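Undergrad: Each chain, written out:
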Amino acid sequence: MTKKILLSFPQKATGQPMAMELIKTYHLDFNILKAFIDDNIKGTLLLEIKGQEADIEAGIVYLREHQIGVRDIESVVEVDENKCVSCGACTAVCAVGALEMTADWSLVHHDDKCLECMLCVKACPMRAIHAII
Amino acid sequence: MAKTYQEINEKIASGEAVVVTAEEVIGIVKERGVKEASEYVDVVTTATFGPMCSSGAFLNFGHSDPPIRMGEITINGVEAYGGLAAVDTYLGATQPSQDRGIEYGGAHVIHDLIAGKEVHLVAKSQGTDCYPRKDLDTWVKLEDLNEAYLFNPRNVYQNYNAAINGSSQRLYTYMGILQPNMGNITYSTAGELSPLLNDPLLKTIGMGTRIFFGGAQGHVSWMGTQFNTACPRDDKGYPQTPGATLALIGNMKEMDPKYIRGAVYEGYGTSMFVGVGIPIPILNEEIMAFVAVENKDLYTNVIDYSVPKKAKPTLKKVSYAELRSGSVDINGKSIKTSPLSSLKMAREIAEELNNWIKKGKFFLQEPIQSFPMGNTIKGLEIKEGESR
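In order, the protein sequences belong to chains V and G. At position 3 of the first sequence the residue is numbered 26 (our numbering), and the sequence of numbers has no breaks. At position 33 of the second sequence the residue is numbered 115 (our numbering), and the sequence of numbers has no breaks.
Be aware that a few hints might be false.
The calculated lysine-lysine pairs, modelled on DSS-like cross-linking and capped at a C-alpha distance of 30 Å, are [what the hints assert, rightly or not]:
no., chain 1, residue 1, chain 2, residue 2
1, V, 106, G, 112
2, V, 145, G, 85
3, G, 117, G, 85
4, G, 443, G, 117
5, V, 136, G, 426
6, G, 117, G, 378
7, V, 145, G, 117
These are computed hints drawn from the structure, not numbers from a lab. In this text, all values refer to a predicted model and were calculated from it rather than measured experimentally.
Looking at chain V on its own, in the form it has when it is part of the complex (with noise of 0.2 Å):
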């Protein structure tokens, strides 16, 4: 299975060899999809990982106890849905349709369809977008 996790990272929890552990302990195979890391200071990483269900399972619990903080992730983006207005003017810019319009002209996400380009934060005028990282 493929799974999209974001991790962050207290200062403390930088500077382990955290990815050789995920690929030797673990077999997992991983795309570093986006990192803002750097060595004792705390940051974020974005990995797809895909691997055996059970290792994943296996390889968070490693995660957490080495204080590393996993969240599942669909997309990286947030759709807040007091500030939307459904005006549209994100999907103008979504050229992969995970946001569009429904037939009642509701604005829906479809946060697995998203390719991380992050233009819909810039074109919603209400600013109801917003980046998880």
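Position chain G against the provided structure of chain V, taking the given hints into account.
TA: Just chain G, lined up with the frame of chain V:
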């Protein structure tokens, strides 16, 4: 048989008025025909909810002790006009803040005031014999102000261009983000629900017309700026290009923050989403025929916004039904279309206005003056020379 405003208002008072939205009325006219429908329906509600830059608020703060003649004024860091009387100001919707720029501007202050939030008022003055105070720094809420009313010089455009980008660079415009190489088309309209497209010749909408304005009962106060009733029209009279506009007035203290919202157009500036609903009295068959218009019969032009001139080239004339379909074909290429104004919210407003009328809380106001037809707009000539 023709009806009068008074007869319709009597029906509203007795709870007998038949009120439908401009979308619902299309089916009624198809089913019953114009003549029978015009006898059956009394009022058709229209609405729009979209970005309207030419908007702002007149505010009166009341006098402090000792009093000040406010010269330089900021509210939450947004400059307001200091050229009126001592404690009067006009706050423009598109004015950016001094600290956050376009991300927070006049429209956001107006929204925050309507939402009941406290705002930071700072004013400076040179001091005069009658107004000795030289500076002021305080916090105020909408309820603390004497008067606070929106006076928007140009709202509810009767038709507007659709936008495309023929250049190789991405454009950031008031028509949203336009992708290069004709990557997308944006448009802004409530189409067949739009107020001024349902009364194309302004037979019922004029000075004094009572409206739904930001959740309050407001009025049409004047013709809007850049009022262009001499625009090209189809054989029935519907404008093919931007046409009439309206100046609107309404009490902020009666408004709902849901219907007045600050907006940011990346790389362009701050704007304000304004919710407006206008009732159209079905006085006769002619008016009934006008409100039965459908998106397939309303047209606008796709304009290339990459040309940095006032006169931008038109690439195609399209109907709102085509724009709403999700794509438009230009030179054999299917181009994605996206709206900029919220039809969902416009429908909510039309429904809300409908409820007000059905419950006898809103009555029709006959215009005290009609607006001129054949009005043209002028450009601005740049004249050389320092003095004349």
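Undergrad: Does the alpha-carbon distance linking residue 145 (chain V) and residue 117 (chain G) stay inside the 30 Å limit?
TA: violated, 50 Å
Undergrad: With a cut-off of 30 Å on the C-alpha distance, tell me whether residue 117 (chain G) and residue 378 (chain G) pass.
TA: Cα-Cα ~22 Å, so holds.
Undergrad: Are the Cα positions of residue 443 (chain G) and residue 117 (chain G) separated by 30 Å at most?
TA: Given pair residue 443 (chain G), residue 117 (chain G) holds - Cα atoms ~28 Å apart, limit 30 Å.
Undergrad: Need the status of pair residue 136 (chain V), residue 426 (chain G): alpha-carbon distance at most 30 Å?
TA: holds, 24 Å
Undergrad: Could you grab the alpha-carbon distance between residue 106 (chain V) and residue 112 (chain G) and see if it respects the 30 Å cut-off?
TA: violated, 38 Å
Undergrad: Within 30 Å, alpha carbon to alpha carbon, are residue 117 (chain G) and residue 85 (chain G)?
TA: holds, 13 Å
Undergrad: Does the alpha-carbon distance linking residue 145 (chain V) and residue 85 (chain G) stay inside the 30 Å limit?
TA: With a Cα-Cα distance of about 50 Å, the restraint between residue 145 (chain V) and residue 85 (chain G) is violated, given a limit of 30 Å.
Hint compliance for this structure: hints 1, 2, 7 are not met, and every other hint is.
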